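Asks: Assemble chain B onto chain A, guided by the hints.
These protein sequence lines are chains A and B, in that order. Numbering-wise, this note's numbering puts 196 at position 195 of the first sequence, and it's gapless, one number per residue. Numbering-wise, this note's numbering puts 212 at position 104 of the second sequence, and it's gapless, one number per residue.
Among the clues, some could well be false.
Simulated pairs of lysine to aspartate or glutamate, EDC-like, Cα-Cα distance not exceeding 16 Å [to be verified]:
1. B:LYS283 <-> A:GLU59
2. B:LYS192 <-> B:GLU362
3. B:LYS283 <-> A:GLU132
4. B:LYS269 <-> A:GLU59
5. A:LYS189 <-> A:ASP162
6. B:LYS269 <-> A:GLU60
7. B:LYS269 <-> A:ASP57
FYI, nobody ran anything at the bench for these hints, they're computed from the structure. None of the values given here were measured: they were computed from a predicted structure.
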Amino acid sequence: MFPWSPEFKWDAYHVAFFGALYSVLATVAGTLAFAAWRAWRDARAGRAAAIAWHGDFEEMPRSARPCRHQLTGEAPERTCENGFDCRHCSAHGHFLALRQAAGAVEPAGHFGFDLPLDRLYHRGHTWVRPEPDGTLTVGLDDMARRLVGRPERVELPAPGDRLLVNGPAGRLRTRGREVRVLSPVDGKLLGVSGAGAAFTLRVDPGATADLRHLLSGDEVRAWGLRELERLQRALGSSALGTALADGGELVEDLGSVLPGDRYDAVLGDMLLEP
Amino acid sequence: MDERLLPRGRRRAPFGRFLLWLLPWTALLAVGLYAAYLCLALGLNQTNMDNRFAFGLWIYLDLTVIALGAGAFFTGFLLYVMKKRALSAVVNSAVVIGFICYSGAVSILAIDVGQPLRAWFTFWHPNVHSMLTEVTFCLTCYLTVLAIEYLPLVLRNRQLKRRPSMLLFEFELHKVMAVFALVGTFLSFFHQGSLGGLYGVLQGRPFAYRESLAAWPSTFFLFILSAAAVGPSFVLATTWIVQKVSGRTLVKQEVFDLLARVSGSLLLVYVLAKSVDTLVWINHTSFALGVHPASYYAFAPFGTWALFAEIVLLGLVPALLLALPRTRRNPRVLVPAAFLACAGVATNRFVMTVQTLALPTLAFDRFLSYAPSWQETASFLAVVAYGVILYSISFRYLNLFPQERELAAAPEA
Chain A
2 MFPWSPEFKW DAYHVAFFGA LYSVLATVAG TLAFAAWRAW RDARAGRAAA IAWHGDFEEM
62 PRSARPCRHQ LTGEAPERTC ENGFDCRHCS AHGHFLALRQ AAGAVEPAGH FGFDLPLDRL
122 YHRGHTWVRP EPDGTLTVGL DDMARRLVGR PERVELPAPG DRLLVNGPAG RLRTRGREVR
182 VLSPVDGKLL GVSGAGAAFT LRVDPGATAD LRHLLSGDEV RAWGLRELER LQRALGSSAL
242 GTALADGGEL VEDLGSVLPG DRYDAVLGDM LLEP
Chain B
109 MDERLLPRGR RRAPFGRFLL WLLPWTALLA VGLYAAYLCL ALGLNQTNMD NRFAFGLWIY
169 LDLTVIALGA GAFFTGFLLY VMKKRALSAV VNSAVVIGFI CYSGAVSILA IDVGQPLRAW
229 FTFWHPNVHS MLTEVTFCLT CYLTVLAIEY LPLVLRNRQL KRRPSMLLFE FELHKVMAVF
289 ALVGTFLSFF HQGSLGGLYG VLQGRPFAYR ESLAAWPSTF FLFILSAAAV GPSFVLATTW
349 IVQKVSGRTL VKQEVFDLLA RVSGSLLLVY VLAKSVDTLV WINHTSFALG VHPASYYAFA
409 PFGTWALFAE IVLLGLVPAL LLALPRTRRN PRVLVPAAFL ACAGVATNRF VMTVQTLALP
469 TLAFDRFLSY APSWQETASF LAVVAYGVIL YSISFRYLNL FPQERELAAA PEA
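Chain A on its own, in the form it takes in the complex (with noise of 0.2 Å):
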């Protein structure tokens, strides 16, 4: 008998009032079920690294997430929309093009930690050098290596595990705090050598490897220099002082000068893991 109440007629208001009533109820169950069907379809699809990207991302506030362009100023104001990873962006070429124009500014300076050049750079605070044999290694840079001092824990991904651009390639726990790193590139981890915060790992990326999405160059300077900026802001006023406005050097072990909570924000800010 539908709608299987005893005392159901078919009349206009048992009708109004049950059509109503398992309306709702079909569109509550039904929403729920679709989104419970979508969920395991992604995990099928293995998309769920893309998504908790998507959501870290999404909970930064802007002032983390400037364009590469508006760095080196080709785009002032302008904020990424696309994750870090401007192989999507069908903006990067056009910007790029102006900044080719314009002319390379001389890389150059440190900014009381090392950006060496002869690498690519992630916003992540990681670094990627190709290899000779078409390789290329992944590391963290020294900011994110004097922000996480000696880890009491460093997970990494196994040989052989499929490592994609910007989702996780390791953990790393540390003054018992924890946080992230994000892979700077897509391919196969090869192996992993070096210990705590020096790891790093050998990643085969396959045929080619697209590196667009890093930064390189003049790029890095400016990026170094917001980053420094970033980090002043995260860490407060009460902190280091005046350290790092005077240009002075970035400490070594961040933790052992931050009260706890700080210490956590700070890692989350800088390591993009909000």
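Replies: Quick look at chain B alone, frame taken from chain A:
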């Protein structure tokens, strides 16, 4: 101790101090649960309600929290349907408050029906002509929707979101949230309206009875309008309280401004509609039922001051203060105005529930007074304690205010 569960970058009190904060509320909850047990085990003779005063403190406060909880559906409606993006700063908190209000109201109703084990009767043998049946169905459906809306907040917890299954479900759930916001709006319109209609159809009680507009008494529409109007004010007021208690700045001033503007504008429309309704009731409806309207106000303490307080002092005044840009931008005016608006809807629900039942309707009737028993009071205070506890836990471990972190960094930038 619980640092790994705390959202990153949000400063929270030490765990021990947090437990101390919860302690008195837990004690209050325990006393209330005992009172609820007495009501369930020994019966409704534990209350001071009787056949005449069948609605008491519980129903009055249920109606009030349901009206105030309308902030959840209305904020969701403004954000997801009307695309008022600024409200994303408070929608999480509004959902938690809505969930607390509705789950608290349903819990109290479970005690109030006297035979909670037979609560399923209303679903299996519904009286489709009854406003109460509509309320029951809409309340349970909407509580389910609120639980679904609450779920993504929980799944975004720092530790839970590290599990891919939780993360993916939260992500996909978030994408269909507009559907739940729309369903919530539909359900809220009907149960808020039906709660008002419940009184408006009482022809035997001329104080509450109202003439019909398109099959529904005018109170149906007034309840919807008043709930939608004060919902944003309640979100504003609770956000301000949380800011004061936690010592953090949680949202930007422009969010308060938007909430106040929406609340003030709707409240003005409500006050206008309520005034017209009252004039029609005084000049026509009441006389048509053979009662002089002055007689409603002949019994202390319900003088005409109650009518003045409800419509002018707690209606028109906060409406103007919230609607006018100059006054709402003054924090010393904004927050008291929001509290006045909330007090206005509480007064309206009190008048409709308690004054309606207190007034005599037949020649041999007399004016009755009612005071709740300690069991009724304690049961309801348990709901307040439950709300504080759940909100405190949510505030500590979930990202209720997405702007909090940015605002905490701002003064030092």
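Asks: Could you run down the list of hints and mark each one as holding or not?
Replies: Comparing the hints with the structure gives:
Proposed proximity of LYS283 (chain B) and GLU59 (chain A) is supported: the alpha carbons are some 14 Å apart, at most 16 Å. Under the criterion of a C-alpha separation no larger than 16 Å, the hint pairing LYS192 (chain B) with GLU362 (chain B) is consistent with the structure, at around 12 Å. A hinted pair counts as satisfied when its Cα atoms are at most 16 Å apart, and LYS283 (chain B) with GLU132 (chain A) does not qualify at roughly 42 Å. Proposed proximity of LYS269 (chain B) and GLU59 (chain A) is supported: the alpha carbons are some 14 Å apart, at most 16 Å.
For the given pair, LYS189 (chain A) sits about 6 Å from ASP162 (chain A) by alpha-carbon distance, which is consistent with the 16 Å threshold. For the hint pairing LYS269 (chain B) with GLU60 (chain A), the CA-to-CA distance comes to about 13 Å; that is within 16 Å, so the pair holds. For the hint pairing LYS269 (chain B) with ASP57 (chain A), the CA-to-CA distance comes to about 11 Å; that is within 16 Å, so the pair holds.
In summary, the one numbered hint that this structure violates is 3.
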